[in-house]
Structure formats: structure tokens, C-alpha cells
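Take a look at the letters that make up each chain.
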Amino acid sequence: MSQILSPLPGTFYTQASPEEPVYKAQGDAVAVGDTIGLVEVMKTFIEIKAETAGTFASYALESGAAVTAGQVLAELTE
Amino acid sequence: MTMTIKRLFIANRGEIAVRIIRAAKAMGITTIQAHSEADADMLAVRLADEAVCIGPAPAAKSYLDIAAIVEAATRGKADAVHPGYGFLAENAGFVRAVEAAGMRFVGPSADTIDRMGDKVAARQAAEAAGVPVVPGSKGRLEAVEDAISIAAEIGYPVMIKAAAGGGGKGIRIAQSEEELRKMAPQAQAEAAASFGDGGLYLERAIQSPRHIEVQILGDGERAVHCFERECSMQRRRQKVWEEAGAECLSEETRTKLCQTAVALAAAVGYVGAGTLEYLYDSVTAEFFFIEMNTRIQVEHPVTEMLTGIDLVQEMIRVSAGEKLSMTQDQITRTGHAIEVRINAEDPLMQFMPWPGQVTALQIPQGDGIRFDHFLYEGYHIPPFYDSLIGKLIVHGKDRHEAIALLKSALQGLRIEGIKTTIPLHLALVDDNQVLADDFHTQWLEPWLAQGNLTAQTQKGEIQ
Numbered sequence: 001m002s003q004i005l006s007p008l009p010g011t012f013y014t015q016a017s018p019e020e021p022v023y024k025a026q027g028d029a030v031a032v033g034d035t036i037g038l039v040e041v042m043k044t045f046i047e048i049k050a051e052t053a054g055t056f057a058s059y060a061l062e063s064g065a066a067v068t069a070g071q072v073l074a075e076l077t078e
Numbered sequence: 001m002t003m004t005i006k007r008l009f010i011a012n013r014g015e016i017a018v019r020i021i022r023a024a025k026a027m028g029i030t031t032i033q034a035h036s037e038a039d040a041d042m043l044a045v046r047l048a049d050e051a052v053c054i055g056p057a058p059a060a061k062s063y064l065d066i067a068a069i070v071e072a073a074t075r076g077k078a079d080a081v082h083p084g085y086g087f088l089a090e091n092a093g094f095v096r097a098v099e100a101a102g103m104r105f106v107g108p109s110a111d112t113i114d115r116m117g118d119k120v121a122a123r124q125a126a127e128a129a130g131v132p133v134v135p136g137s138k139g140r141l142e143a144v145e146d147a148i149s150i151a152a153e154i155g156y157p158v159m160i161k162a163a164a165g166g167g168g169k170g171i172r173i174a175q176s177e178e179e180l181r182k183m184a185p186q187a188q189a190e191a192a193a194s195f196g197d198g199g200l201y202l203e204r205a206i207q208s209p210r211h212i213e214v215q216i217l218g219d220g221e222r223a224v225h226c227f228e229r230e231c232s233m234q235r236r237r238q239k240v241w242e243e244a245g246a247e248c249l250s251e252e253t254r255t256k257l258c259q260t261a262v263a264l265a266a267a268v269g270y271v272g273a274g275t276l277e278y279l280y281d282s283v284t285a286e287f288f289f290i291e292m293n294t295r296i297q298v299e300h301p302v303t304e305m306l307t308g309i310d311l312v313q314e315m316i317r318v319s320a321g322e323k324l325s326m327t328q329d330q331i332t333r334t335g336h337a338i339e340v341r342i343n344a345e346d347p348l349m350q351f352m353p354w355p356g357q358v359t360a361l362q363i364p365q366g367d368g369i370r371f372d373h374f375l376y377e378g379y380h381i382p383p384f385y386d387s388l389i390g391k392l393i394v395h396g397k398d399r400h401e402a403i404a405l406l407k408s409a410l411q412g413l414r415i416e417g418i419k420t421t422i423p424l425h426l427a428l429v430d431d432n433q434v435l436a437d438d439f440h441t442q443w444l445e446p447w448l449a450q451g452n453l454t455a456q457t458q459k460g461e462i463q
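Quick mapping for you: the protein sequence lines, in order, are chains A and B. Under our numbering, think of the first position of the first sequence as 1, with each following residue one higher. Under our numbering, think of the first position of the second sequence as 1, with each following residue one higher.
Extracted from the complex, chain B is given alone in its bound form (with noise of 0.2 Å):
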């Protein structure tokens, strides 16, 4: 059922409130902003029309804070609720209490949330959509023998994780069946101290893979895919740098990507923007579902400058009930976009997190460089949130004129008083293989451990 959003509740900080409210202003919605008592004075503040304050300084009291948000959001009138990114997001009970107490949830549906964010019943999803996923064990493993026989099945290398386990703990890679006879008991063992469960998992190792990204918009009818992202530029699985499109795919690889994420984002009737998220094996080619994220992502701005879409802007009108503004065939790519993530970090001092007060600010401008921010002069960076200040993003005929593009631009950013991970950006925009598009997800963290940084800062070349 369609209805018209005019009083848009956001509920979130930082530089996607400020994206969130220029999209409504956009559109002629009134912003109401929510802000915890230490982001009084954020900018989101500033340019939303209403601002309530949620609560104390905690994100735990304040921005996870389900009932503190929907009496703000009730009180406020607000007939929709954005969630931008992190925080309640993808918290499918902070659906249903924006929508039991009358309001719009910008985004899919509780039930959908929660379908997609159990990674098992995403994988069978996919599966029953017809996208890759990581070849594996259908369930748990007792036996040394099942899981060699499993293995010759899904090929080595191998990944044997614990079934019970969580957060990379006990993971073991077999190259061969001799390694595989002799990690499994020992994976078996630490499992069952860990987790007081001996079970174990086994799945396809995916050496050094790419991670790429598939851009989806839904109405609960139908989908559309904004093709692709490359993000394998990741610092402890945290995404810095992020391209539109991905050069490392053929038009054929791409081609079929892309319709496999249509075809799961249909398939669950999905309302709003989301993404799939994918290994990519450039060796062979293959692709493998491994989660979908039911929200507009951080680096969202490199689809919009490939493709000429707001992204923030359908999303919040598919769901007042909407349909797509657009079909598959309107929906184009042009040239290439890259996004970097500017952090409130000393990248020389092991991203020493550095907030602080912004003395000055000095934002490049010109066509096809766009900065996504949350900062003025004299503003302070609170310290109790995320380390994102800001994220600039370019868009240039192709790769290498966007490279260029993000050199320039980076050069003509002056974010004084804090520092920030503007010096890593300009080490990696001048590195061979960064230039050569060839990295992987593994590929930032020893380049730093080789001291690449600070090898180019002490040679001048950044100041």
C-alpha cells in the first residue's frame, strides 16, 4: 500500500545522517534527526529540521536504544524511521517496534532481516535461487572419514571449522588429504574445548579471493541489480577503499553475477536497497555467495556515481510502497568510481584511533570528486563512535583517470587538527599493484607489515 512519507525520523549519526537528510530534502520530506547527548552539535543536527536527543553519550543508551528511538520517533511525528547503517539497521525487532507503533521501516521486511541474516537459511536461499555459494559440508561432520570424503568431493584446499564456533576461532586449512587426517582431530579436540561440541564444518578454502559486491534495489515485486562493487582493499576485514565496477570480471562473469543477486533479492521479495556479498576466485573465474546486507552500505556512493542513481532516495520510496523507478534496461554504467574511507586514524601509529577538534577543513572540489562528511570548522569528533569521518569518492572515464582523479583530490583535502588516514590513501594511489587493479582481500595488511607507508613517507613524496 502506497503512502506519501512526509516526516522522516533518522535514526542513526555520523556522515549517513547527513546523506540521509539531503536525499529527503531532496524529495520535500521534513528530517527529524536523533542525536545521543555527545552529538549535539553534529552536523546532521544542523541541517535536519528537528533534532531530539535519544539519550547519553553510549551508543548503548542512546542509537541501540530501541524504545528510547520510538518514543522519540512517535513523539516526533515521524511516519518513517531510516536506519542508515550499523547501530538497529538490520535489527529485525527494531522493525517491528517502528512498524507495531504505526510507522514505516525504511528497508525489507522484519521476517526478511531475519531470514537473510542467519547465515545458514541465507545459504539455503541462495542455493534454492540458484547462486553459487562456497562449495561445503551440508552439516555438521562427527567422523575423520566423512570429512575426507567430503573433501575429495568439494576439492582442497579446505577450510574445517568448528560447527558450534564463531569469529574465525579454530579455523584450519588442509592443502591435501594427508593434512586433513592430520588437523581434523585437532580441530575435533579444540572444538570440543572451545564449544563443548566436537562437530565440525568443512568448506572450499578460497585462496586470496576477491570480495565483490552486488548492488540490489527491490519493491517486493521485482528487483533490479546496480551492477557490482570491488572492495577487497580491507585492513582487519574492514573495507578502506572500494571501486565501481569491478575490472577484474569478464562482461560475461559480471552478466551472470549480477542476475544471480536479482534472482535471490526476487526470490525473497525484497523492499529496499541491499547487497550480496561474494568471494570471487580469480583463478578460476567462480563466484560464491556469502552474505546479503539488508541496508545501504558505506561505500553506497560508488554505485550512484557509476550509475546516476540515489540509492537513498529510491529506497526511502519503495518503501512508502512505491514500485522501482526504474527498470533493469534504464539502469547503465558509466565509467569508473572509486570511494576511500577517511578515519579519524594515525595510519603510522598502528590506526591509533585520533579524534580531536577539525582546527581547519579544506574540500576539493570538481566534477566527478564528491565528499561524504560530517565535519565544519571548529567541530569536535566525539570519541565514542566509529572511526569514519568521511569518505571521498571519485568518478573518472575509467580506472586509471580515476586513480588520478583520487590522487588530486586527495592532495587537495586538508583535514586539520585530527589525524586521518589521508596518507595511507595517497601511498596506495601511487603503488604498482594498487594501479595494476592486483590485490585481493588478503593483500593490504602484509603491505603494511612490509612498511610500505612508512617507507614512501619517509622518502617525501607525501607530506
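If we strip away everything but chain A, and leave its shape as in the complex, we get (with noise of 0.2 Å):
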């Protein structure tokens, strides 16, 4: 199990916009650069990308949340 944390406080978003899908669902292949989700700073979206490669387990927290520097966003298992 490995896990995805935020590097900003801010908002954040599962899917790019709520028309789109959510950028990774459970039993999704996660590559090494493969994006998982956007956190909005001070009216910047910044996109989160995974750093391991696994299968994608599930999202920490609803698309919306508040997080905080260091909260983890998502999880996956190897």
C-alpha cells in the first residue's frame, strides 16, 4: 500500500471538471507520472501525479475537500 499526498494546501478535485470522469478509479493501473487528481491553490490548479506505479485502491477524500500540505489525497496498492 503506498500513498498520494497533497504538497499544497488547498482544494481537491478527483476529476478535471465535473463533466469529465474521475481521473483514476479502484482497480486502475497507476504509472509513474499518471495524474490523480488536481489541487486548486490560491486559484491555480496544480495536477497531482503519482510517484510509484501500482493499482489504485481509492480516493482519501470527497472531490471538493479543503486538504492541508501533507494530507494524503489517495492510496494504492502494489
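There may be inaccurate statements among the hints.
In silico lysine-lysine, BS3-like type, Cα no more than 30 Å apart, as pairs [unchecked claim]:
no., chain 1, residue 1, chain 2, residue 2
1, B, Lys407, A, Lys49
2, A, Lys49, B, Lys61
3, A, Lys43, B, Lys239
4, B, Lys397, A, Lys43
5, A, Lys43, B, Lys61
Derived contacts from chain B toward chain A, CB cut-off under 8 Å, selection only [said to hold, decoys possible]:
no., residue
6, Gly55
7, Ala57
8, Ala60
9, Phe384
10, Asp386
The hints are simulated quantities; they were obtained by calculation from the structure and are not laboratory data. In this text the structure is predicted, and so the values were computed from the model without any measurement. We put the beta carbon where it would ideally sit given N, CA and C, even for glycine.
Mind assembling these two chains? They're in different frames, but the hints should get you there.
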């Protein structure tokens, strides 16, 4: 099990826009560099990318939730 | 009809909320500060007489929620609402909701906002008032030959836009008829593909323009100007450094420019503080109206330093139905003022936002130095809103002295715990082109791309 952390405080989104599908769903393969979500900080959207490969397990919070720096955004299984 | 504003509701946050509270307090007005759940400990809440939570952190559910704001202002027995800038400041629906609830809106009427907020209507109002606009086609163009004949009238280079478009998509610049013949069909095809409408719009392309704007004040019957500002130093269309006045203008051009602004403000019966934005072609010394902002602007302090007028107090007075407290001949300009925007961003990392806790704060003091901000030691800057955290403003006897004062003030400004754009401004005050007032709206981004900021930092000129 590995975790993807937010590098910044802000608002977390699991999809690029409300009309788009979520970046990852349970069971999806995750490669290094895959975008798994966005963090909006001061009106700027930062793409959150996986730093390890694995299989997507779940998001740790809902889209639109406030996050702090270092907070867990998603979990992967090996 | 005149009324006295006794209780002012501030529907904004950050430094402008602090600025409005200071103006209102000086006038003996009780202040009621709106805030989101994320802003409960902001400086404006601490300074205001009263504060009320209007919703959760996301602006859509707080500072942009018209119903929540009007309800909170009504419950707080406010008799007027100040919108600041951004958020709902230019939302005619908000103005109507505030007025329907029996309160004054500190700004122009909803109809004026509707009219001046519509680019086509604003352009027509400007033309009717004799204000020069960027020469362009009267309406949409369907045929390439029509574009060719219009371009011959307005002069090359021309900018080709999709009539249905927006946001810069599909814009092309043709330097000659030959280029226009090639580009017009491409632009039509792209417009049809993007917007389902192949109609084009043509206007003169102003190369390397300066952004110059005029501050106006109106009471519905009379309008005055408070001279101009030079705001060409921009990154991604965001102003980063603003001056009053614009040294590049001759006295004759300045007079003409300001007179056109007053003519337009008077023609629309403007109430409050407003700004007319122009593009200025320094080669031909021509200016062209582009749009009007019907609110107080971020960079209003440079005008206040130049003229000694308190723009925020004046807009509150005229919104209460009073007449302007000054005539045009009483408004004079002294020296030169510069404002730099201090953002919570790392200029050495592509201006990545950098909110956090202000662990130490040292503010420069002295004659001609002003720092408008909302910080205090220990304050956590929330990540949910704009990155502007303060504005350092200086006023010197001339531009040269103002820049020297700006440099020493920047060296005396310490905001610890976060990253800020102070290093950018320290590099700009030493740049020869900046010192020579030789820049335009397209200047800063290439300057950054060339590594000027990094190079100076590595030389150790900036600590």
C-alpha cells in the first residue's frame, strides 16, 4: 500500500471538471507520472502525479474537499 | 436623494476589506465585515466593528453567494454594501438584490454596470462620447474580400478574431494584405470549427502597446478625473507593478486622454469610482479605449498618493447621494507614485502559489511609503483565494526618486514563512529598461523567460 500526498494546501478535485470522469477508479493501473487529481491553490490548479506505480485503491477524500499540505489524497496497492 | 450611511457592510476580504474599513472608520461609519469560514481570523474581521460568517471556504458558497450576502447585510441592519473589487463588484444582479433589500450599493447603478460590462455596448457608448476606440470592423465579416477592404481602411497590422469567440482563441495578426488573404480563410475555418460560426471581426493590432488607464469619479451629474495610471508591467494579463502618472505621455496627450474619460463618465451618469482602460501606442502617440471597470481597482493607491484624494471615502459619499466634494481644478498631481503587488507566490518557481503562516512581519515605515495588506504575525494565509497579500506603494518627487524609495522599502519589507514576489520587484527596480520607463504589456514575460530573475538572484544581488 502506498499513499499519494498533497504537496500544498488547497482544494482537492478527483476530476478535471464536473463533466469529466474521475482520474482513477478502483483497480485502475497507475504508472509513474499519471495524474490522479488536482489541488487548487490560490486559483491555480496543480496536477497531482503518482510517484510510484501500482493499482489504484481509493481516494482518501471527496472531490471538492479542503486539504492541508501532506494530507493523504489517494492510496495505491502494489 | 441624500441619506447618511451609518452602517456599511463589506462584501469582500483581504487587503481591500481592510482598506474599506479604514476609510469608513475615518468617516465615523460602523463597519460590518462579511467572512467565510476560512477567513474568521483575517485582519478585516479583527478591525471591523462587527463580523458575520456568510458561508464555507469556497468563494462560490460565500463571497459570491448573493442571497447569503444580502441576507447577512439585512440582518446586520446595514444601510449600504461595499463590494470591493473582484467577487460581486461588477455583478448587476447583486446590485439589484442589494437595492431590492433597501440598501445602497457603493458603486454605479445596475444599468451602468450592465452597459459598461458589455464590450460592444461600452464601445458604442465610448464612440458616442467621442472617445477613440481601436479601429475595427463595424460588425461581423463573412467574405475575405470584405476583410481586405476593411483592413485597407483601418491600417495594418490587423488582428483577426472570431466574431463568436472569446478568450483569445483563434486570434491572428496579419502584417499585410498578402498575409490577410492567407489567414482569413484559416481563421474562418477555425472559428466555424470552434464556435459553429465562421464570422470574423477585424481590428487594428496595436504592437507592443502600453496599458494606460484613467481614474474617474462621478456623482451622477458631474464627473472628474484623477489623472492616469501606467499599468503595462503584466504577467499573464495580471498587473504586477503600477505607476501614477504615465511618464510616456506628453502633457497634451494626457489632457486629451483624461478629458475623453470624463466625457464618457459624464455621458453615462456615472456614480462612484471607475476606471477607463486604454491601449496606448507610444510610436504614434494614439490611445484607444478598450473597457471600463466599474469599481475601485487594486491599484487605486497610486492615484491617492499622486492626488491626495481618498478615493474610497469619496465613492462612499457619492453612493449616499452626496455631490462630489471637489471640482476638477482642485485635483492636482504631485510627484510620482508606484505600487508593486506582493503575491504569495514563488517567482523562482513559475510563480507557484505559496500560502502558509506568516511567522514574522516587518513593514517599512517613512515618508512616502504605504503598505496596504491584511497580514499579522501568526496569520495563516488561506489557500482558497487570490494570492495578492499586500501592495507596497511609494511616492517620490519624481519617477527616479520613487524607484529609489521603492528599492529601499522593498529591502525593508520582510514577510517570513511564505514565498512572495518581493524578489521579482527587487530585480525590476535595478533593471535598466524599467529605470528608463522602456516597457510595454508584452515586456515582462519574455524578460522572465530570458532568465533575468534567476540570473540576478544567482549573482547575489538579492538576498
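Okay, the hints, checked on the actual structure:
| no. | hint | verdict |
| --- | --- | --- |
| 1 | B:Lys407 / A:Lys49 | 40 Å, violated |
| 2 | A:Lys49 / B:Lys61 | 29 Å, holds |
| 3 | A:Lys43 / B:Lys239 | 16 Å, holds |
| 4 | B:Lys397 / A:Lys43 | 38 Å, violated |
| 5 | A:Lys43 / B:Lys61 | 15 Å, holds |
| 6 | Gly55 | 14 Å, violated |
| 7 | Ala57 | 6 Å, holds |
| 8 | Ala60 | 10 Å, violated |
| 9 | Phe384 | 7 Å, holds |
| 10 | Asp386 | 6 Å, holds |
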